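Below are the chains, spelled out letter by letter.
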Amino acid sequence: MTKRIITVDDAATMRRLVGYTLRGAGHEVLEAEDGEDALRVLSQQSVDLVITDVNMPKMDGIELVRQLRALRDFKTIPILLLTTESDPEKKRQGKQAGATGWITKPFQPDQLIAAVSKVTGS
Amino acid sequence: MNDDMQKQLIQDLVIESLEGLDAFDAGMLALEENSGDAQEHLRLAFRMIHTVKGSSGCLGFETIERVAHAGENLLSLLRDEVVPVDKPVITGLLRCSDALRDMMHRLESGETPDVVRHADLLQLLEGLQRSGKQEARQGYGFFHGAPGIPPKASSMESAPQGWGLFDEAPPAANEISIEASGEDLAVVEEAEIKEAADKSSQAAAGPRASESAIRVEVAQIDRLMNLVGELVLARNQILQLAGEKADASLIGPIQRVNLITTELQANVMKTRMQTVQTVWSKFPRLVRDLSLELGKKVALTMEGQETELDRTVIEAIKDPLTHIVRNSIDHGIEDPASRRIAGKPEMAQLRLRAFHEGGQVVLEIGDDGRGIDPAKILRKAQERGLVSSEEAGRMGDRDIVNLIFLAGLSTAEKVTNVSGRGVGMDVVRSNVEKIGGTVEVSSVVGEGTTIQIRIPLTLAIVPALLIACGSGRFAIPQASLVELVRLDPNNCARRVEWIDQAPVLRLRGKLLALFDLAKFLGFSGHATAEDAFVVVVEADGRKFGLIVDAVLDTEEIVVKPLHRMLKALGAFAGATILGDGQVALILDIAGLARRGGMVGVRKPFEAESMIEKHELESDGSERVRLLMTRVSANRVALPLEEVTRIEEISAGSIERSGPREVLQYRGRIMPLVRISDCLGEARTSGDASDLVRVVVCQLSGTQTGLIIDEIEDIFEESVRVERFGNERCIAGSLVAGGMVADLLDLDRIADFAGLKGRT
Chain A
1 MTKRIITVDD AATMRRLVGY TLRGAGHEVL EAEDGEDALR VLSQQSVDLV ITDVNMPKMD
61 GIELVRQLRA LRDFKTIPIL LLTTESDPEK KRQGKQAGAT GWITKPFQPD QLIAAVSKVT
121 GS
Chain B
123 MNDDMQKQLI QDLVIESLEG LDAFDAGMLA LEENSGDAQE HLRLAFRMIH TVKGSSGCLG
183 FETIERVAHA GENLLSLLRD EVVPVDKPVI TGLLRCSDAL RDMMHRLESG ETPDVVRHAD
243 LLQLLEGLQR SGKQEARQGY GFFHGAPGIP PKASSMESAP QGWGLFDEAP PAANEISIEA
303 SGEDLAVVEE AEIKEAADKS SQAAAGPRAS ESAIRVEVAQ IDRLMNLVGE LVLARNQILQ
363 LAGEKADASL IGPIQRVNLI TTELQANVMK TRMQTVQTVW SKFPRLVRDL SLELGKKVAL
423 TMEGQETELD RTVIEAIKDP LTHIVRNSID HGIEDPASRR IAGKPEMAQL RLRAFHEGGQ
483 VVLEIGDDGR GIDPAKILRK AQERGLVSSE EAGRMGDRDI VNLIFLAGLS TAEKVTNVSG
543 RGVGMDVVRS NVEKIGGTVE VSSVVGEGTT IQIRIPLTLA IVPALLIACG SGRFAIPQAS
603 LVELVRLDPN NCARRVEWID QAPVLRLRGK LLALFDLAKF LGFSGHATAE DAFVVVVEAD
663 GRKFGLIVDA VLDTEEIVVK PLHRMLKALG AFAGATILGD GQVALILDIA GLARRGGMVG
723 VRKPFEAESM IEKHELESDG SERVRLLMTR VSANRVALPL EEVTRIEEIS AGSIERSGPR
783 EVLQYRGRIM PLVRISDCLG EARTSGDASD LVRVVVCQLS GTQTGLIIDE IEDIFEESVR
843 VERFGNERCI AGSLVAGGMV ADLLDLDRIA DFAGLKGRT
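Protein chains in written order, with this note's numbering: chain A, 1 to 122; chain B, 123 to 881.
Estimated spans, in silico, between C-beta atoms of each pair: (1) LYS58(A) x THR444(B): 31 to 37 Å; (2) LYS58(A) x MET127(B): 25 to 31 Å; (3) PHE477(B) x LYS58(A): 29 to 35 Å; (4) GLN482(B) x LYS58(A): 36 to 42 Å.
One side of the interface only, derived from the structure: several residues of chain A facing chain B at Cβ under 10 Å: (5) ASP10; (6) ALA11; (7) ASN55; (8) MET56.
Computed footprint of chain A on chain B, listed as stretches where at least three residues anywhere in the stretch have a Cβ under 8 Å from a Cβ of chain A: (9) 134-142; (10) 175-188.
Because the hints were derived from the structure by calculation, they are not lab data.
Quantities reported herein were computed from a predicted structural model and do not represent experimental measurements.
Note that CB positions come from ideal geometry on N, CA and C, so glycine has one too.
Pulled out of the complex, with its shape left as it was, chain B reads as follows:
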């Protein structure tokens, strides 16, 4: 057998076996939980392990065959109800599948699996078989003369000839035909060889007519995706050229190319999608083993397994998710005794949920355990000098709980070998942020903890802000963008200042460290003080400002991998080709922060993060960032958290769809809501050329444009919302920047605009 064929067969074996073993595990767990048809689970598991045994045996991997055989034997006793379904047996079988999995991985990396490593397991499986066999003696003749009772007797030894014919079996060729073909041999030889050649080439071309799915290598799909990326870029260039020097006869075909490319891109992206199930399928096993080990009772439920994510994203969230689940069982969920005392059912609930929300995927891990005690966290954080007492005073419970994502804060009273391994929640956060996601925890003491991870659907195409610096253009992923500030040398509040030769900006009463991009990149003659912009970015929980020359546009960019020479710089995350055919580098914000030694303020210290609406409405005051606008004579405030973008459009571009005013916005139709209508004010009339200011935000999951008259300012205030009347659409009044303003109630505006109940 040639090497390629051998390699191909081994690869098939590994992929097939690993999939089979996952199904095997799932079957075992279902069996243990007594869910579904037990015989069906057993049949499936039996077939899986049987296939592993058969295939590996045929390829000459006797050790794998032996381990699989031992498992199969035990399983068949289970199937024939000779051995009862109990924890030791299931554990034994799961260990068997672990061992097989391990051997497959070794095979994959070119090692030869050895049996010594699994001698214990073989003994264990044998012992389990023996326990049942005593009773089985007469009842069943299954093992009579069969291979494997001592596991070293392989099936090959017991059937030396390897094949046979049944007596009086129907067909079978007779001796005559053999003789006949022998006689004719010389005559037909030439013709036959030719025929054989024809047929074998035919067979190679497509022997399987009836398959509806094929296996494709991931690398192949990646290559395809790359080519589609190239095609998209070429298409963008063609579109731009066509716009400039339009030859009428070309417009039609170009439009078609445009549409087909878009569709092609969408479809190729789809092939890279995998369901969350790929990661979650490992969890029932993990939860079982952990809860057994820790003596806890945990019921796992999973919702939304069919939610799809790009495989690169799936790859990246595997470890963070596993860590969170471990943490939850280890630290979050109490032992049955404590739960009884707390008046909770002994069986704890661990719930995994996945769903789409606003172009992102949300993954939620919730337990009904003891919850996180904010007082304890805060004490610990202060002990370790992570939070000053002044900061502590300003923090709400929610902010405190989110301190668990800080490096060096492990709250478990004692470090266990399950989750306390120095890999903390800070690693979870940095892993999630690496793929442009966010992670947040909410917890109620005594009731449980929920961790929410939000991640983008794909990493291949990301929305980015294009900026100019020196003679180059660069892209900054929107995910790390916080805000844009225009510098104004005449306004002391908008001017770069210097502390120890380090540039800083005073932003809403806080100092923001600045990073001079032009200097870093070696561009000269760039004025830091005049007419520049500061792009406030955030990475690894650090916030800092990048000084750039100009802010150009936002664009959906196709991320291209970088040559390793450039990658090693640690300043760029990739490259992209812009619509005009020019290359732009994508800035690696986290890398820049490290290179520039940016010691920014760590996120959880700023109480401005993550303020929920109900917290605003309560009596307590919270620091919050507000976007202040004017509508007629009213000053109207919006939580800046909710605002995606602010746009200026011409009144003429507003169109109608039914009773609603809409705007074509980034290739989609965006409903518009006039805040003046919500407030019962008369509309300000104007003509089509007038500029209209639109605040883009999410209302009930729909991207919506709120039309206001003027943008006034952004404040960060400790606000106290007070309610006087019961005006619709207004949550209450507050004082910001020394003046009274009305705080919009976005939820009620969604209601008012009839956007509720849409998805």
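Same shape as in the complex, but just chain A:
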């Protein structure tokens, strides 16, 4: 089933790659450059899944998770951290903020698609 997914990353390459992979799997993909940008987009459109980078200017991924979880509409929506670091500290912070899970960069396309289907139930 088509899901609407937002990918949040300050690197255009990453947004494009995630977008390309997920659109190829039949999903609709929105893009945002950083946490603030994502909040702006999400105030106008709803999504089924948030995939966010951790290290970003303005508002990083952890803070984005925290702020989204504070909003009524985003209490139960899955949020995945897309991160290069298998750094347990960052993972712990992400978990504490309320993230659903993580995807390691670099990812294999089928891994990403599998993670997305699992978490969105599609």
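We have chain A already, so just place chain B on it with the hints.
Using the frame of chain A, we list chain B on its own:
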């Protein structure tokens, strides 16, 4: 993944990474200088390199990922204060960013980056990490189980599954929904496919609502600029037609098209503008590396980074500027010991400035180094036979110092590997002149050197002089224009003479080589001796005259690139379409000089160039070109250097703006100053049909028209200015052409006319 997508992703990666790496470098340098918030610089640098690592990893460029990863590791130790901020660490990180940059460039040109090239660097970075890690053992668990301590362990290996869910994490879909969707699959399939198609086309149309800036390819902007150029030309034709066969109902819309076109042109030009910062951002790094290498201490300051220039101009000045900065550090600035002995602070100052002045951009590179010794330059120039002793005697210090722009004059006592590479200041000058700019140096021994480059704002539209030759019309860029001389077969001073079958003109006591344009272009039946004009032009420091049939007009022309067949001739720089729709070729003056074998006089030998006002006022005498005019009974002289144009207007076209007399001139309002008022003379009365002669020049940066009664002549004289009284507006008296004349003080006239303090 298809090829286009792959290409697109790589292009994104390269652009994004190169920008990120520049920011990374800037952060490192700021960190080293201890300016600003160190943690902030580190955060930024960390994010940049992290992004490079992540993106390149995702695209499968493991080598890039590995180098970035090594840098990131070291950087994180720096961030956590495990490794101290010192020169070797910063140098290592800068080298890492160089390596990444290099790999990006390789990627861009289709190569696969290989790691062998950077094995040394990886080792170095590792070594630097190890130096700090010993102390870090217990304090921090950051690296536990993390990828990269041996750099070949990539993050993929350490996380084979690649993703995971946190325990007891809030949402996550449950098994039921998966089963449910499985059951319904067959039913909804068709509808879903349709929906998916709709949505994906929607997504492709505009997935990003919240972006305020977009990336546009430079080539796209160039195409746009080209189209606007075409539009301007079409507009000019319409305007001309409308003037001839005006249909009243069309005038309104045509005027609107006219205005919109002008505005469109201005705005498209604006999109091509880049700040000087684009070039300067490389300099802190360059200065750091060079001063380390040469053991000098240099503080770099930059002013006016936000000054904008057309990107073609930016492109063209990149190398000359870099060369000058290198030169300055290598030759200009002394080592700390010498500076101490000279009583100067050990830390030398290198200052870059950019600002607008009179429709041009001025770039200035100044140092407080040892300066250029004129005696040394002159000796060297004479040794190499570049200057005769007679010429040497006539040259002022300023002229001598400007000899550094001559080919084959390298003044460094020993050639170093920093700047003495056979690429000299002559290349700097020819590069700057290629884009219609000028370069000038001024220096005081022991105090420093300043090099000033003046360049036009844009290359796409240039002011040009239109001339006729044979049956064609040609444009000569104003930048290479020196003066116009009308030939008169009855006046021996204005007649073409022949030396060894080469035409020459006697101009103010000097022989000027002439170039017969008609002959060169293959036009026949053209009389060199009668009723022709000589356009004196200058290129590559060579001055010569072009014989043409008629001088037509000046016009702002839109430069169109030339077909390569014509380009190969080396005679034309481009083409343009004139207001009447006809095509005119733009002459390539430097090319013509080469084709015609013009051995002109090289610029610095003529002491007539670049004479400053204070030099005129001093007691010494200098050779200078003067425009001699008459105002009532006075003979009044102006330095020709200051004069832009001489115009004849009808008295009726003078209008008033407040207390000031003004003239609509080339689409702008130009203030007028009556020299008779400045001199306290009564105005000569006349009626509206009378012709008024106006000398156009720059007063305090404002284009101003000086009204005089008559133009008498141009002299090149060795003048000595003497002051008797203290008349306002007059710098003093001098003898030119055997008669006494008053030299105008343009600065005081600006004051008198209330033009000071305007911009």
